[in-house]
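S.K.: One line per chain: the protein sequences are V and F, in this order.
In terms of UniProt numbering, the first sequence is residues 1 to 332.
In terms of UniProt numbering, the second sequence is residues 1 to 712.
These are calculated hints, taken from the structure and not from any lab test.
Values in this document were obtained by computation on a predicted structure and should not be read as measured data.
Treat the hints with caution; some may be incorrect.
A few chain V positions that, by computed beta-carbon distances, are all more than 12 Å from chain F [said to hold, decoys possible]:
no. : residue
1   : A70
2   : N84
3   : L290
No more than 30 Å apart at the CA atoms, straight line, and that leaves these computed lysine-lysine pairs for DSSO-like [to be verified]:
no. : chain 1 : residue 1 : chain 2 : residue 2
4   : F       : K374      : F       : K396
5   : F       : K472      : V       : K232
6   : F       : K163      : F       : K190
7   : F       : K163      : V       : K232
8   : F       : K472      : F       : K700
9   : F       : K77       : V       : K232
10  : F       : K700      : V       : K232
11  : F       : K611      : V       : K150
Stretches of chain F that chain V covers, calculated by requiring three or more beta carbons in the stretch to come under 8 Å of a beta carbon on chain V [said to hold, decoys possible]:
no. : segment
12  : 600-609
13  : 614-621
Yeah, the Cβ is synthetic: ideal placement off N, Cα and C, and Gly gets one too.
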Amino acid sequence: MPPTKQFPTKLVHTLKTHNGPVNAVTFSSYPGTYVLTGSSDRAVHLSRAIPNQTGTSSVETTSPIQRYEAHGYSVLDVAVAGDNARFASVGGDRQVFLWDVEQGITVKRWSGHGARVEAVQFAGQGDSVVVSGSADTTINLWDTRSNSTKPIQTLTEATDTVSSIHVHAPTHSIASGSYDGRARIYDLRMGRTTVDVLAHAVTSVRCSADGNALLVSTLDSRIRMLDRADGKLLQAFGIRDPPPGRAGYRNSELRIRSILAKGDAVVLSGSETDQGDQFAQAYVVAWDVLSGEVIASVPAGEGVKVVSCVAWNEKGGCWAGGCSNGTVKIYG
Amino acid sequence: MAGKRARAAFEADLQAHVSPYAFYGTPLPPLDASVRDDGSYVPIWKQEVTDDRGRKRLHGAFTGGFSAGYFNTVGSKEGWTPATFVSSRQNRAKNAQQQRVEDFMDEEDIREAEESRSLHTANEFSGFGSTDADPNRRGGLMDLFKSGGETMGIKLLKKMGWKEGQGIGPKVRRKAQLGEESAYGGGDDKVYLFAPDNSPVVSLTQKTDHKGLGFEGESRLGSQRAGGDESDEDADPFFGRRLTGQGISKRSTPKKPRRGAFGVGVLNDTGSDDEDPYSLGPQISYNRVIGKEKKKKKLPDEAKPKVASNPLLNNKPVFISKKTIAARNSTGFRKCHDGRLPLDGFLLADGISSLTISSQEKKYAPPEIPNDWKSSKASSKERDISNYVSTAEAAKASSLDPMSRAALLGETQLPGKSIFDWMTPESRERIVKLTGKTDLPPALGEKAPEGYELSEAQRRKDLWDLVPKLDKQIAVQALTRAVSGWMPYSEDPDKRSRYRTFLEVRAGLRDNLPDRVSESSTDEWVAELHEFARAAEVFKPMSGAMASRFTSASSGPRGSSDETDSLATDPLLHNPAKKPEDPAIAAAKIGMFGPMTRSSISFYPTRLLCKRFNVKPPDHVQADPSDPVKHSDPPAEGRFQSAGYQTSGPKELISQEVMDQLMLETGTSNSATENHKPVVVEPDRNEALEAERPGEEIFKAIFGSDEEDDES
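Just chain V, same shape as in the assembly (with noise of 0.2 Å):
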């Protein structure tokens, strides 16, 4: 059956309860029942993805769960570790915080970045890891066992803002992007780092789940499929021209980042708007990864220039958007 059938697009829940941009938006790892949303207001809330009463169509929530306030720049980049007791915020001060979810304070504090921190995400064996990019052209990987305040380990391969970081775990890889125009990935137990030149800035990594592909999205409006194997492009999306009446994918000036969804069968991304425009709304687009066509095509909502982030809940096979007004979009 075609996913563009089954691909949701039904607004079910619209959060309003950020003052400033979402920048990052991801769900708590399995079964993905929570929405952790972080924000230029400085603060990550911690929502329910789909809330308990189910009577109307769409249900708007204004205030959420929990507040996690440390952050004194905008958070930039938020990830959940996989037993949902901590999960780790960067932002534009510089610092990696380790918070505890419950109890919403910080476990840790790491401030060894240079500047803002772009990326975050768990590794290691029971996420001993946390791993950071920043704008300082380095990625720290830190060490959430050990009361350290230095980085076990600082990767300063990428001459440009490492802008994001995805950490494959079944082959004990890092991979990571930078505006410098290159993905890199360090297979830590071959100890090789392979290196593809995109030319553009990138803007957001995703190892597929088995590992073999790489999906990348650059500055210039594409997001390619490599083959982690050889580098060679298996699949491009945001190429074609939009079929009249739908807005295309624009990825040309700030970060928007992409997404394997519905077990890797589908891209999701959002998309941005030409600057100029006033009346723009920008729209979540999907593909699909075989054929490379756009099967979805979301409206983000009025007023909505730019939607920075997403994110997929195989669980709930519900999706959420992070816009730049604000809220936050979840579809099922």
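Following the hints, complete the assembly by docking chain F onto the known chain V.
M.R.: Relative to the frame of chain V, chain F by itself:
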């Protein structure tokens, strides 16, 4: 022989064979000269010191020096990169690059310097703000257009030996003039050769006012400036003050006390007490000293100018009739300064000046014409102005071109025609754009003469000429690579197919012209074909990989000639030469992802990180000094690591496998024994240990272009 075994397996097997009973310690290597002994003595000059990341620690002068920067950072992102050595053998002197101030400025400084620059005329155009000592030369706005300083004439004169202050002409033999006294007192009759005296420049001052001759007007406050400035107020704002000679700058008009106003100002105070401006009565009417009447007014002889350059201004105007002048000129035989008579037909400048001045003064206001006066002389016939055509307009209206004019005038036709006669206006436009010249002859777009018109076949041939040349071999190679996925434009299937067609055409598989996008002009089509040709040329696997290793010598220091040019034009806007684009980026830009865009470098995860990830550390990661060395299961290559060098690492130029294969292919000494005894197979020889020169193939593989080296 079966496939190649892993190095560790081979070593283990070798040891098991040679020393099967060694249970403790490290067995000695087999007693065979051809087998490498890894514990053997390596001369010091062959040993290599590496840091914890396997980078070379000690470097030669050309690679960064002893320790290569702060913490061995040379060549890495943080460190500086050693300059590529460019031989100066061929261009010795040019190599001396001058350091400029801008080399030591950062962007901010350069920007500031740019901002502080302001537009002004060059120094030699000394129109405004000039502190020229001679205000006579100042000429208002006119100075903007003429350059001060030395004119070409002065330069030429100086080259011929002339000096400022001298006159022009042959040298004069005369007595030395050492001032007035010595000339009279000293009886030195020696005669020397002197440069002639400078003849004074004739000054022609036009009189435009109605004041009497010699009238100076009231002296004003500003008039106390340097001599000759008095007439500045009636100077033309555009053309500057009127032409005056230098000679009149010392005008010796006796200063008189002002009488125009009451009181006396500070500036009028001469400091002398004997002139009391407030004393009663006219001063002149009293004689204060008896017998000394009007002595004051006499100027001493020395104060008087010796030679008045302009007799009109310094002397009292005396009427000289034309007759007397003519008589004087004709009879006097006035001589030039060198004692010779003026040339035939020439007059002495002195005589002319008096002539011209006297004739110049006859400009009076014309008499008023009575209202009812009518001229008796009426113009013979009123010309009809309406159909008057000026010569220039008539010339414009003429349809004659130079050739027909020449025919009318009966000139002989010049042989041949200009290339512009055959050019179309568009191509002329292009030439105008390229050369920047707008005065090119008009393009006539003439057709070729009879019998020379382009045939259809010729037209096709011209189109073929537009198709860029590409070596057939390269095209075939690119096509074969395309089969294995080495193909750019993976994002645009149409373009890719056009690229393939182009390659096929150039490989000789097709005869018709390469495809073109519908509704594209020939120029676009040609541009795309050129892009294809470049893509096929550039993305040969070997050249692509090697291009980043070598830089061409032409990118070295530029020639001195254009160096000075750029300095002269604009040193602050100097931009460094653009680096050649990384072939990987170029490949990525045209969508050719694959081996071109993929590279691999070593990654050295720390032990702790590997522990956190629960993976065995990669072999090339050296043991942490803090970690206790596990003796129970030493890594397979632990022995080699302790021996002080690495079996695999980042230092090889080409990977170990390629090296092995090449070594096998070269067929070194043991190739014959390979088939019989797998034990003595020597799959890899380490260059660091064997002093023999490697086979020719290696050099070929590295430096030559090799077609079977594509990684298919």
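S.K.: Is the straight-line distance between the alpha-carbon of K700(F) and that of K232(V) 30 Å or less?
M.R.: holds (28 Å)
S.K.: Would the least Cβ to Cβ distance between N84(V) and chain F come out above 12 Å?
M.R.: Holds, because the least Cβ-Cβ distance between N84(V) and chain F comes to about 20 Å, which exceeds 12 Å.
S.K.: Against the 30 Å threshold, does the CA-CA distance of K611(F) and K150(V) hold or violate the hint?
M.R.: holds (17 Å)
S.K.: K163(F) and K232(V) were given as a pair; does the straight-line alpha-carbon distance stay at or below 30 Å?
M.R.: violated (80 Å)
S.K.: Just to be careful, I want the Cα atoms of K77(F) and K232(V) compared with a cutoff of 30 Å; is the pair within it?
M.R.: The given pair, whose Cα atoms are some 27 Å apart, holds under the 30 Å limit.
S.K.: At least three residues with a C-beta closer than 8 Å to a C-beta of chain V: is that true for the segment 600-609 of chain F?
M.R.: holds (count 9)
S.K.: Does the structure keep K472(F) and K232(V) at a Cα separation of 30 Å or less?
M.R.: With a Cα-Cα distance of about 27 Å, the restraint between K472(F) and K232(V) holds, given a limit of 30 Å.
S.K.: Quickly compare the C-alpha distance for K163(F) and K190(F) to 30 Å and report which way the hint goes.
M.R.: holds (24 Å)
S.K.: Checking a non-interface call: every C-beta of chain F should be farther than 12 Å from the C-beta of A70(V). Is that right?
M.R.: holds (25 Å)
S.K.: Classify the label on L290(V) as holds or violated, using whether its beta-carbon is more than 12 Å from each beta-carbon of chain F.
M.R.: Non-interface label on L290(V) holds, nearest chain F Cβ at 16 Å vs cutoff 12 Å.
S.K.: So if I understand the rule, the pair passes when the alpha-carbon distance is 30 Å or less; does K472(F) with K700(F) pass?
M.R.: holds (22 Å)
S.K.: So if I understand the rule, the pair passes when the alpha-carbon distance is 30 Å or less; does K374(F) with K396(F) pass?
M.R.: Answer violated: K374(F) to K396(F) is near 40 Å, above 30 Å.
Figure legend: structure checked against the earlier numbered hints; hints not met, in rising order: 4, 7.
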